[in-house]
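Position chain B with the ligand relative to chain A; hints supplied.
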Amino acid sequence: MSRLAQGGLIDRERPLSFAFDGRRYQGFAGDTLASALLANGVGLVARSFKYHRPRGIVSAGAEEPNALVTLHGGARTDPNARATMVEVHDGLVAASQNRWPGLAFDLGQVNDWLSPFLSPGFYYKTFMAPGRGWRFYEGIIRRAAGMGRASRLPDPDRYEARNLHCDVLVVGGGPAGLTAALAAGREGRRVLLLDENPRFGGWLWKEEREIDGQPALDWLAAAEAELAAMAEVRLLPRTTAFGYYDHNLVAAVERVTEHLESPGDGLPRQRLWRIRAGRVVLATGATEQILTFADNDRPGVMLAGAVRAYLHAYGVLPGRRAVIATNNDSAYRTALALHRAGAEVAAVLDSRSDSAAPEVATVRDLGLPIHFGATIRRALGGKTLQGVDSDAGRFDCDLLCLSGGWAPAVDLYVQSGGRLRHDEGLGCLVPDRAKQACVSVGSAAGSFALADCLAAGNDSAGGYVVPPEGIGVEPRAPTPGPGKRFLDPQTDTTLADVGQAMDEGYRSVEHLKRYTTLGMGVDQGRIGQIPARLAVAEARGQPLAAMAATAHRPPAVPIALGSLAGREIGAHYRPLRRTPMDGWHAARGVSWQDAGLWRRPQFYPVGDENIDQASAREVAATRGGVGLCDVSPLGKIDIQGPDTAEFLNRVYVNGWKGLAVGRARYGLMLRDDGLVFDDGTTSRLAEHHYLMTTTTANAHAVLAMLEYHLQVIWPDLRVLVADVTDQWAAMSIAGPRARELLAGLVDIDIGNQAFPFMAVAECRIAGVAGRLFRISFSGELAYEVAVPADYGQAVWQAIVDAGGPHDLVTYGTESLGTMRIEKGHAAGPELNGTTTPADLSMARLVSGKKPFIGHRLLGREGLGDGARPALVGLLPVDGKTWIKAGAQLLTEAEAKPPVHTLGHVTSIAFSPELDTPIALALLSDGAERRDQIVYAHFPLHNEVVAARVTSAHFIDPDGERMRG
Amino acid sequence: MLIKCPWCGERDAGEFSYGGDASRPRPAEDAAEADWLAYVYDRDNPRGPHQEFWQHSHGCRQWLRLRRDTLSHEVLASGPAGEPLGDGE
Ligand SMILES: [Zn+2]
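Chains as they are written, first to last, in our numbering: chain A, 1 to 964; chain B, 965 to 1053.
Isolated chain A (complex conformation):
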């Protein structure tokens, strides 16, 4: 056990039990998984990505490269969790990753001995070269390499999202962030302070510090109390900002229940915060850097600051005999802390020639052995650290504390578009010029001294940044030599890999990064950032200041996909639009079809009818008697104003000046490029009042197009448009008996004389004031009834009740589609953005007397080509085989691709009246090929169907039924 008898912020009154790789261990409330494992003397926690080398815990924070574990199990499996960030709760189950059969004995370690063959680009050169069978090797390689595995089960947890606006967002609750939040809060601003840890305070928890002559934790308690008392300040612990987007939008994820043993009902696992901030204060701190020497990845090698954190915050002593290797003053605090905790400090190896810093003097005064000008050559040992070999000799030790300087955490700052510069004195990249309304403060700006952090936070609202004061760092480029010298332990990228990539010509930092995978792991290589830059600069023979920084993109840390999906999953993925008669349909056990956001009845099965049987019955009953269909989703646009006729005249290809009040007309509209956009009927309800209908799919696009032309192109037209789709319930009553059914329900004369085809009137239907249109989509004698949406279900029910003696059927979209195909009406599959009016046999509709949208380009050469695919009908020669939608049309029964097809099948149906499958197609020279045989090829199913070319109007080509 490495737990000290006292000290730390853990609650020793609350012991906890957890499991790691199947063994049970004890920890305390307040422990992280990493601190609890160290307290139990567990030094080996992982195997590395590529070489399967033994690895231990390196850090005490978010930068941890090695200690990645899989939490829980089953559907809640959470891979790649950083043990340093996981709060232990009673019953927590964790497992190491990337080893087989076990951590201590891992067969994958053979990769370490084979490593001369596993250099950068190895996979590409060896397996992916032509003829090398990458498909065969891929499975094996993917299994051997890699990180934890996600569950394939559906995520059982709940996630949610919240939006928040604030004046000042402070990211990071260390001394600089707290001071910034206090300063902004005291000015009465709306402040959000977030921190990824469970507690605010940052480094104040991790070492013994004083502020204003008081213990720093007293200052922290006072600061937190003051912030908590401010009404406009919100504090969010356990919340990680991972994305900084345009216009000061910051995304953060809050871990709401992950630290709890039993989460409780109704709470989400995580909460996504979308924060729009007036100003962002980035107090994200800095990350301590490793040093590069042979075998610098051995378990027992830790960051010097992390050792202080384990001692001070968790009461854990990670080793008994320590060596400290540093290039700056900060690591001397670790020597001091270890000494005070009773550990032996075997040596402080300082690569600098000397230092006058007070920490150094204190350590020297204690008589601890300091070796200036000494660098470390190699770490000794395997699964545990045995000692170090250095310029100053060999030292036995079980703990090696490294400090290669500090790198400001600039991920979010770079994401925001801010520029960095290399600071020679600090030896690292620091924020230079922000692009958005944000300021970096504290050690995130290179101000590593506590007093500077406090001052900077205080002045953050004014954008003032204290000139950073150094820690005396003297970085040096790592020297190559035998043994693996890791720059990025997580991706197993070594100094030699960088050298080799350089030799192969990967000189740009972005190329080098991708080729070697340097910094491409989930930790983004944070602890090796400075050594890696030094190594690359050295290899390029370039000063650090001249070297570009690599880009940072969201997310800065791995996040659960569930947190991005939030509540918008399953049925909540998008809104559902229901027609006013939805309840009636649902009660009939209808089969639904999605039409955009709408759900529409597809067919109304009787007994155990399938879709084909039900539709055949519905169509036959409608054509033979009368049918009722819910057509509410059709787009409806109310158009009013004295210039409406002129407006319609410009929008549609056909003329609108002659349409009388009380009449409807079919209209076809084009896009500017001359191709068909949409169609529908428009009715003149009153002198200056029209109602346009659109296809369901294009309802929004047509409205936006009309608004565009009225606002931008023709602002002089006195016309207003409004979408009224949701205001009306619309139902179609079609079939030879439609009139006799409806006559008993309306208060006007609907005889063919008084109310002919294309007539429109306001009237009462089943006692409800509404509108009646004599329009037909089915080709039958048909009426469309529209009543205010709230009356829809009542009127529908009244029609159904009255329909009993007339053998009324209700029919769905399947029958609607069948009847329109039988009639050769173009719909979505034919209005596909490639067809002209002539292609759809509607050339005679196009007015030659006026301009309209698209008229100028409709006349261009290519669109007038007579050989263009045109709308035709197809009948299977054998009278029974279905032709597949999407089938390609050829004149040959056998064809070997590539071939030039003559067109394709757009729509298919079974016609009960003709007792055969039928199809619509766009066929080159369609009119010329009437009565010829073509072959519909569907190579996906290896199908070829012989079909006879016919008119697209399979039934009642002269339209006598709908006019009768």
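If you're looking for bench data, these hints aren't it; they were derived computationally from the structure. None of these values were measured; they are calculated from a predicted model. Some clues are possibly wrong.
[Said to hold, decoys possible] Which residues of chain A face chain B? A partial, calculated answer using Cβ under 10 Å:
{"no.": "1", "residue": "Asp246"}
{"no.": "2", "residue": "His247"}
{"no.": "3", "residue": "Arg276"}
{"no.": "4", "residue": "Asp672"}
{"no.": "5", "residue": "Tyr708"}
{"no.": "6", "residue": "Gln711"}
[As the list claims (entries may be wrong)] The following label-pair restraints were derived from C-beta to C-beta distances:
{"no.": "7", "chain 1": "B", "residue 1": "Gly1012", "chain 2": "A", "residue 2": "Thr881", "range": "55 to 61 Å"}
{"no.": "8", "chain 1": "A", "residue 1": "Ser262", "chain 2": "B", "residue 2": "Pro970", "range": "49 to 55 Å"}
{"no.": "9", "chain 1": "A", "residue 1": "Thr881", "chain 2": "B", "residue 2": "Arg990", "range": "47 to 53 Å"}
The C-beta atom is built at its ideal place from N, Cα and C for all residues, glycine as well.
Leaving out everything else, chain B with the ligand in the frame of chain A:
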């Protein structure tokens, strides 16, 4: 991204729909076919400021004209779609 609607003020981009290139004046009805072809098909893909149409679809439904930097997403100027843009405010 935030877009400034001349009628509603700065709103989230999610409320708006992109409406295409606004840098090309619409040709007259009887303009040469080549002008119409250029208007419909030719597009620059500038890196930097660009005039665009947007509609405040989930707001006031007005069409706007923006000058937007395609690199930085900065909205440099906005106004009613039917009027030329000023130098920006
Ligand atoms: Zn608006």
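Here is how each hint holds up against the structure:
1. Asp246: At about 4 Å, which falls below the 10 Å cut-off, the nearest Cβ of chain B leaves the hint on Asp246/A intact, so it holds.
2. His247: holds (4 Å)
3. Arg276: Result: holds, 8 Å to nearest chain B Cβ.
4. Asp672: holds (5 Å)
5. Tyr708: holds (6 Å)
6. Gln711: Check passed: Cβ of Gln711/A comes within 5 Å of chain B, closer than 10 Å.
7. Gly1012/B - Thr881/A: 55 to 61 Å: The hint (55 to 61 Å, Cβ to Cβ) holds, given that Gly1012/B and Thr881/A are roughly 58 Å apart.
8. Ser262/A - Pro970/B: 49 to 55 Å: holds (53 Å)
9. Thr881/A - Arg990/B: 47 to 53 Å: holds (50 Å)
Violated hints are absent here; each numbered hint is respected by the structure.
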